[in-house]
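Asks: So the chains spell out like this:
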Amino acid sequence: MCTNERLAWVCLVSIAVVYIPYFSFLVYAVQNASLHLGVVTVAFVGAIIAQMFITGIPAAIVGILDKKQVTDERDIAIRHKASTLAYVCLISCVLILVTGGSLLRPMFPLLGDGVIIGQLGLLSVVNAELANYAVQVFEYRRTA
Amino acid sequence: MPIKNTVRRCRFDADEMTQQQLADRLGVSRQTIISIESGKYQPSLELAFRIAAVFGKRIEEVFVFVDGGSE
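Chains as they are written, first to last, in the numbering used here: chain D, 532 to 675; chain C, 36 to 106.
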């Protein structure tokens with residue numbers, strides 16, 4: 532397994548480990564009608580800090596252990612393919628979530644429009660990043 | 036894959052050059068050489084020329100287009 536594939540795995544797993552619980556918690560808070568700006572802010576800051584550690588430490592270890600890392604044309608081709616699909620995923624998510632978010636607006640009486648749009652935007656970015664790294668991992672495995 | 040290659044054969048003919056040695060000479064990763072040899076990754080034209088040059092061969096001696104539809 533090359534360095535870039537290891538890094539793709541680290542990013543994929545860290546995003547899944549941090550943001551699946553994060554959005555699950557938000558859904559849980561919505562169901563209990565306890566979702567307000569303070570909860571969202573604390574959860575968001577916690578997610579950011581958790582991701583810094585979960586991504587940063589393994590990535591640093593991978594970088595230190597594999598000093599001969601080379602980014603060649605295969606890596607670039609895989610990244611290009613992944614980023615293209617991630618962009619399509621991002622645009623699709625934004626269109627779907629903005630439309631869906633406006634329909635679901637009555638479910639979030641304690642939140643302002645900016646917070647809801649921000650969270651839906653974050654969900655779109657997270658989905659796109661998941662797609663990006665999932666495609667990278669899949670392509671690395673497929674051509675291994 | 037319509038393009039076959041003889042990179043593995045060429046390596047053995049070149050004093051059993053290892054995949055890592057070939058990768059180092061080309062500036063790519065060993066995994067890329069593995070992918071090329073197994074036919075799972077088709078290199079760019081530039082890399083294909085450079086691979087052929089490493090073995091002192093012409094590109095058509097290393098990479099062969101197999102057209103299954105003709106004849």
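You may find that some hints are simply not true.
As the list claims (entries may be wrong) - Cross-link-like lysine-lysine pairs, in silico, DSS-like; alpha carbons within 27 Å at most:
| id | chain 1 | residue 1 | chain 2 | residue 2 |
| --- | --- | --- | --- | --- |
| 1 | D | Lys598 | D | Lys612 |
| 2 | D | Lys612 | D | Lys599 |
| 3 | C | Lys39 | D | Lys612 |
| 4 | C | Lys92 | C | Lys75 |
| 5 | C | Lys39 | C | Lys92 |
| 6 | C | Lys39 | C | Lys75 |
| 7 | D | Lys612 | C | Lys92 |
| 8 | D | Lys599 | C | Lys75 |
Said to hold, decoys possible - If the Cβ cut is set under 10 Å, some of the chain C residues that face chain D in the computed set are:
| id | residue |
| --- | --- |
| 9 | Asp48 |
| 10 | Ala49 |
| 11 | Asp50 |
| 12 | Met52 |
| 13 | Ala58 |
| 14 | Gly62 |
| 15 | Val63 |
| 16 | Ser79 |
| 17 | Val101 |
Everything labelled a hint here was simulated from the structure, so no lab data went into it. Here the structure is a predicted model, which is why all the values come from computation and not from measurement. We put the beta carbon where it would ideally sit given N, CA and C, even for glycine.
Asks: With reference to the structure, classify each hint as holding or not holding.
Replies: To see whether the hints hold, each was checked on the structure:
| no. | hint | verdict |
| --- | --- | --- |
| 1 | D/Lys598 x D/Lys612 | 26 Å, holds |
| 2 | D/Lys612 x D/Lys599 | 24 Å, holds |
| 3 | C/Lys39 x D/Lys612 | 23 Å, holds |
| 4 | C/Lys92 x C/Lys75 | 22 Å, holds |
| 5 | C/Lys39 x C/Lys92 | 15 Å, holds |
| 6 | C/Lys39 x C/Lys75 | 10 Å, holds |
| 7 | D/Lys612 x C/Lys92 | 32 Å, violated |
| 8 | D/Lys599 x C/Lys75 | 23 Å, holds |
| 9 | Asp48 | 24 Å, violated |
| 10 | Ala49 | 21 Å, violated |
| 11 | Asp50 | 23 Å, violated |
| 12 | Met52 | 18 Å, violated |
| 13 | Ala58 | 8 Å, holds |
| 14 | Gly62 | 7 Å, holds |
| 15 | Val63 | 4 Å, holds |
| 16 | Ser79 | 5 Å, holds |
| 17 | Val101 | 19 Å, violated |
Hints 7, 9, 10, 11, 12, 17 from the earlier list are contradicted by this structure; the remaining hints agree with it.
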